[in-house]
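A.B. asks: What follows is each chain in one-letter form.
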Amino acid sequence: MSLLNIFFLHLQQVLHHRLRSLVWFFIPLMNNLTLILFWSGALKNSTPSANWTMFSVTTYYFLLTIAGAMLSSHIEEDIASLDIQQGDLVRYLVRPFPYYWIKFIEEVPYRLLQGSYGIILLILFSLTFGNLIQISSDPFVLIMSVVIAIFAYFLSYTMKVNLGLSAFWFTDSRGFFELFTIILIVFSGGIVPLHLLPTTFQTLSYVLPFAYTAYFPIMAIQGQLNAAQLSQVIGVQIVWLGALLLLNRIMWFRGIKQFTAYGQ
Amino acid sequence: MSIIQVKNLTKTFRIGKKEPGLMGALKSVFIRKYTDFSAVTDISFSIEEGELVGFIGPNGAGKTTTLKILSGLLYPTKGMVQVAGFTPFERKNDFLKKISLVMGQKNQLWWDLPPMESFLLNKEIYQVPDHQFKIVLNELSSLMDVEDILQVQVRNLSLGQRMKCELIAQLLYSPRILFLDEPTIGLDVIMQKKLRDFIKEYNKRYNATIILTSHYMDDVKELCKRVIVIDHGQILFDGLLEEVIKKYSRHKLLSIVFDNPVSVHELGVLGQIVLHEGRQINLEVPREKSNEVAAHILKTYSVADLNIEEPPIEEIIRSLFSKKKQSHVTA
Amino acid sequence: MGNDMRRYFELYKALLRFSFLRFTTYRALFINSMIATIGWGLFQIIWINLLTIRTKSAFGWSKNELIILAILYVIIIGLFHFFFTGNFERFSVIIDKGELDFILLKPIDSQFMVTNFLQRFPNMVRVALGIGLLCIHLYMTNTHISPAGWIGFMVFIVFGIVLLYSLWLAYCTLLIWFPRLTNLIDFLYTINGISRYPSEMMYEVKNFILLFILPFSIAIATPAKVLVRGTLDGEVLGLVFLSVGLFIATRIFWKYALRHYTSASS
Numbered sequence: 001m002s003l004l005n006i007f008f009l010h011l012q013q014v015l016h017h018r019l020r021s022l023v024w025f026f027i028p029l030m031n032n033l034t035l036i037l038f039w040s041g042a043l044k045n046s047t048p049s050a051n052w053t054m055f056s057v058t059t060y061y062f063l064l065t066i067a068g069a070m071l072s073s074h075i076e077e078d079i080a081s082l083d084i085q086q087g088d089l090v091r092y093l094v095r096p097f098p099y100y101w102i103k104f105i106e107e108v109p110y111r112l113l114q115g116s117y118g119i120i121l122l123i124l125f126s127l128t129f130g131n132l133i134q135i136s137s138d139p140f141v142l143i144m145s146v147v148i149a150i151f152a153y154f155l156s157y158t159m160k161v162n163l164g165l166s167a168f169w170f171t172d173s174r175g176f177f178e179l180f181t182i183i184l185i186v187f188s189g190g191i192v193p194l195h196l197l198p199t200t201f202q203t204l205s206y207v208l209p210f211a212y213t214a215y216f217p218i219m220a221i222q223g224q225l226n227a228a229q230l231s232q233v234i235g236v237q238i239v240w241l242g243a244l245l246l247l248n249r250i251m252w253f254r255g256i257k258q259f260t261a262y263g264q
Numbered sequence: 265m266s267i268i269q270v271k272n273l274t275k276t277f278r279i280g281k282k283e284p285g286l287m288g289a290l291k292s293v294f295i296r297k298y299t300d301f302s303a304v305t306d307i308s309f310s311i312e313e314g315e316l317v318g319f320i321g322p323n324g325a326g327k328t329t330t331l332k333i334l335s336g337l338l339y340p341t342k343g344m345v346q347v348a349g350f351t352p353f354e355r356k357n358d359f360l361k362k363i364s365l366v367m368g369q370k371n372q373l374w375w376d377l378p379p380m381e382s383f384l385l386n387k388e389i390y391q392v393p394d395h396q397f398k399i400v401l402n403e404l405s406s407l408m409d410v411e412d413i414l415q416v417q418v419r420n421l422s423l424g425q426r427m428k429c430e431l432i433a434q435l436l437y438s439p440r441i442l443f444l445d446e447p448t449i450g451l452d453v454i455m456q457k458k459l460r461d462f463i464k465e466y467n468k469r470y471n472a473t474i475i476l477t478s479h480y481m482d483d484v485k486e487l488c489k490r491v492i493v494i495d496h497g498q499i500l501f502d503g504l505l506e507e508v509i510k511k512y513s514r515h516k517l518l519s520i521v522f523d524n525p526v527s528v529h530e531l532g533v534l535g536q537i538v539l540h541e542g543r544q545i546n547l548e549v550p551r552e553k554s555n556e557v558a559a560h561i562l563k564t565y566s567v568a569d570l571n572i573e574e575p576p577i578e579e580i581i582r583s584l585f586s587k588k589k590q591s592h593v594t595a
Numbered sequence: 596m597g598n599d600m601r602r603y604f605e606l607y608k609a610l611l612r613f614s615f616l617r618f619t620t621y622r623a624l625f626i627n628s629m630i631a632t633i634g635w636g637l638f639q640i641i642w643i644n645l646l647t648i649r650t651k652s653a654f655g656w657s658k659n660e661l662i663i664l665a666i667l668y669v670i671i672i673g674l675f676h677f678f679f680t681g682n683f684e685r686f687s688v689i690i691d692k693g694e695l696d697f698i699l700l701k702p703i704d705s706q707f708m709v710t711n712f713l714q715r716f717p718n719m720v721r722v723a724l725g726i727g728l729l730c731i732h733l734y735m736t737n738t739h740i741s742p743a744g745w746i747g748f749m750v751f752i753v754f755g756i757v758l759l760y761s762l763w764l765a766y767c768t769l770l771i772w773f774p775r776l777t778n779l780i781d782f783l784y785t786i787n788g789i790s791r792y793p794s795e796m797m798y799e800v801k802n803f804i805l806l807f808i809l810p811f812s813i814a815i816a817t818p819a820k821v822l823v824r825g826t827l828d829g830e831v832l833g834l835v836f837l838s839v840g841l842f843i844a845t846r847i848f849w850k851y852a853l854r855h856y857t858s859a860s861s
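Chains as they are written, first to last, in this note's numbering: chain R, 1 to 264; chain V, 265 to 595; chain F, 596 to 861.
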């Protein structure tokens, strides 16, 4: 069987789940649309700000929806309950490829599907509200944004893999996952963009990795960052990615030893 | 008046069809094709109180559908159904308290709690008075021999113990009409026997009307005097079991494993060879002659193993079905 | 009639006991659900504070009122999740695996049995958290609530919850036709979240699609207004009519769906 056939088989499966995937896409879309609606009333009574107008609000939340669909990974549940707790992990251990990459390839079709929904949304949106979108047209900025987006996905993916691997040591990690999600939402700009946060929290968010999975890619593609800042963002992403990968290796080797020694 | 009456019952389902492959998946986004599937067609029968009737047929014959209609879970497309004077699909509370539908592989007991808790819940649901509950529970649990595991979490019980508790849960309110759908499926031989004994006892003790579906001939042979044979949604036979076996299987099957190769011609005289694989030969002989032929073979040849079997139920049904076809042709 | 009521009351007590036993069986589950519930409760407070960080008011609601609305959301949704959500989440399993059969075989109203089988005890913590936060907030901002406000509030919470219940039931009954659409439930959580916003916001959008969402918005915002402003205006009447009307309509819809339901074949 050729690789093309395998791809088509996967694609078929993904199409079969198209409705479910659409609902998963709709959910953050709804949340963000209502936020835009909220701001339409709230902005009238807010302290004015140069980069928080109806234009930037609308663009921000639309891009947030797309970033959420394309750049955020949800692999932790799969790893924690199916692979580690239910023991499916043994199937992966006998394969010649690293677990990290196999799970990566497993998730890609879903991200592609969600990404295509996002792109359709973007096209529809620019057709209807073209004048409300603020996206940079500078080719340099766009290329840098793509780089930042790719790093953003790897950051999200590695974080989530590590989160999932915590199941090696905790039998029920749901509470922990929920807490993590809450912190992630707040510090990645999921409620409001980080430049609206009070100063201490803002600084904190620039240090933590979460902002680099959504907020900064959005800021980049909006053209809000100059060349130096763009490079800085990439720099921080690389540092965090390195740290998370190191953590990943440690967790993996320690965890596997325990997993295979005690069974599941 | 019979406690169960079924007249001209028909049930058809609409099923969505999907073509295989990528094109099929894409097409099904836009157009959905449906076909009509007839689960049961124009069947009629009646059952008296206290009867233990076997409903036999191959998979997909319509057994489960009929039981579900009798218990009110499905609406008949056409025809009349009456159980204990009620119309099942109206699902009146008084009706539901009289019947019990036990489906072999499905479980109702809550996984994380002891069976006793699920029993208590059922007691509330069926409004079983306290003293009656105690009596029935004691009877059933001693009959099934599960008194000491009632407080053990269901997840920690063996499959056999779980099934027994499932059954008890379903019988706590003393239903007098039982519909048992493949109750012994997936159980080992010992459990199957225990379950059959229990069903026999329940039928005798409480004069309960029981309909049992199975595709295990042994279930039916041990429990039912009367059988209804159903295939492809139609009744092929309704009468005493011994009649079925006598009428429609005139042959018995001898399956023999010989120590040395044997002349096929010689054996062919004794009966019809239906299987010949190396040293295993299956011989079809007339029913009356089966013992005689078996004894002769054992005397004449060196035999490693010999079994006398009834032809499988599928054979009987196939022959029943072809008889029905024939009668249509001649008529 | 009275006999029936007593019977269902006794049955409900048995179900409560059943749920409580399950809840206390596993300590890890217990701790994790507590953490998750408290976490999300606190999240709502963080959320509204972030949104109103530089905002004085929105849609006629002052910042103070918006925060109270968010806290009330925690309480009311907490109650809703305690009584009903676990059951709605089971809908797709029940329908897909044919477990609905077992429920239909019982001499109990199927709607009652399906929507009241489980209670999620961790949410009591969320409700307590919400009540605590409300008291703290009212004290710290020196906001006074009239007795009529409190009483009216508690009365209209009931209507609000009945409204949410009917809405969820209506959407979940659709699962009988589309058993695979299991993430409909997650979608409903999101729409629930719409009720964190002032209902006036919904009136802004003259889009008929929002007709499906407006009721959610009214469910919580209206009791909130009764509490905070002590007024009984037209919206209150709307809430009462909507909740009673939808309750009846969804029950009819449920019965209709049951007729359609064909159990999963053996």
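A portion of the hints provided could be inaccurate.
[Claimed, not checked] No farther apart than 20 Å at their CA atoms in a straight line, the calculated lysine-lysine pairs in the PhoX-like style are these: (1) K608/F with K692/F; (2) K370/V with K692/F; (3) K651/F with K370/V; (4) K651/F with K44/R; (5) K362/V with K658/F; (6) K361/V with K692/F; (7) K850/F with K44/R; (8) K356/V with K651/F; (9) K271/V with K342/V; (10) K356/V with K692/F.
[Unchecked claim] Okay, the calculated beta carbon distance ranges per label pair: (11) L121/R with L645/F: 44 to 54 Å; (12) L246/R with F848/F: 39 to 49 Å; (13) I102/R with N524/V: 48 to 58 Å; (14) V750/F with L121/R: 55 to 65 Å; (15) N737/F with Q391/V: 36 to 46 Å; (16) Y470/V with I256/R: 52 to 62 Å; (17) L245/R with V750/F: 13 to 23 Å; (18) R622/F with I102/R: 29 to 39 Å; (19) Q396/V with S741/F: 51 to 61 Å; (20) D781/F with S136/R: 51 to 61 Å; (21) F848/F with K457/V: 47 to 57 Å.
Since the hints were derived computationally from the structure, they do not count as laboratory data.
Note that CB positions come from ideal geometry on N, CA and C, so glycine has one too.
A.B. asks: Each hint: holds or not?
C.D. replies: How the hints compare with the structure:
Only pairs whose Cα atoms come within 20 Å are accepted, and K608/F paired with K692/F is rejected, the gap being roughly 27 Å. Proximity of K370/V to K692/F is assessed by CA-CA distance (about 9 Å); at most 20 Å being required, the pair is judged to hold. At most 20 Å may separate the alpha-carbon atoms for a hinted pair to count; K651/F and K370/V exceed this at roughly 58 Å. Between K651/F and K44/R, the direct Cα distance comes to roughly 9 Å. Compliance with the 20 Å bound is thereby established for this hinted pair.
For the hint pairing K362/V with K658/F, the CA-to-CA distance comes to about 61 Å; that exceeds 20 Å, so the pair is violated. Taken as a hint, the K361/V and K692/F pair is broken in the structure, with Cα atoms around 24 Å apart against an allowance of 20 Å. With a C-alpha separation of about 48 Å, the suggested pairing of K850/F with K44/R is violated against the 20 Å cut-off. Our distance criterion of 20 Å between C-alpha atoms is broken by K356/V and K651/F, whose separation comes to about 59 Å.
For the proposed pair K271/V and K342/V, the alpha carbon gap of about 9 Å is at most 20 Å, so the pair holds. Restraint check: the Cα-Cα separation between K356/V and K692/F comes to about 24 Å, which exceeds 20 Å; the hinted pair is violated. The given range of 44 to 54 Å is broken by L121/R and L645/F, whose C-beta atoms sit roughly 25 Å from each other. Between L246/R and F848/F the CB atoms are about 56 Å apart, so this pair departs from the stated range of 39 to 49 Å.
Separation of I102/R from N524/V is about 56 Å and conforms to the stated range, judged on CB atoms against 48 to 58 Å. A beta carbon spacing of about 42 Å between V750/F and L121/R contradicts the range 55 to 65 Å that was offered as a hint. Take N737/F and Q391/V: their Cβ atoms lie about 54 Å apart, and the range 36 to 46 Å is violated. Checked against the hint of 52 to 62 Å, the pair Y470/V and I256/R passes, with Cβ atoms roughly 59 Å apart.
At roughly 57 Å, the beta carbons of L245/R and V750/F sit outside the given window of 13 to 23 Å. Distance hint for R622/F and I102/R: a CB-CB separation of about 34 Å, consistent with the stated range 29 to 39 Å. Judged by the Cβ atoms, the range 51 to 61 Å given for Q396/V and S741/F holds: they are separated by roughly 54 Å. Taken as a hint, the range 51 to 61 Å is violated for the pair D781/F and S136/R, whose Cβ atoms sit roughly 34 Å apart.
The beta-carbon spacing between F848/F and K457/V, approximately 48 Å, falls within the hinted interval of 47 to 57 Å.
Checked against the numbered hints given earlier, this structure breaks hints 1, 3, 5, 6, 7, 8, 10, 11, 12, 14, 15, 17, 20; the rest are met.
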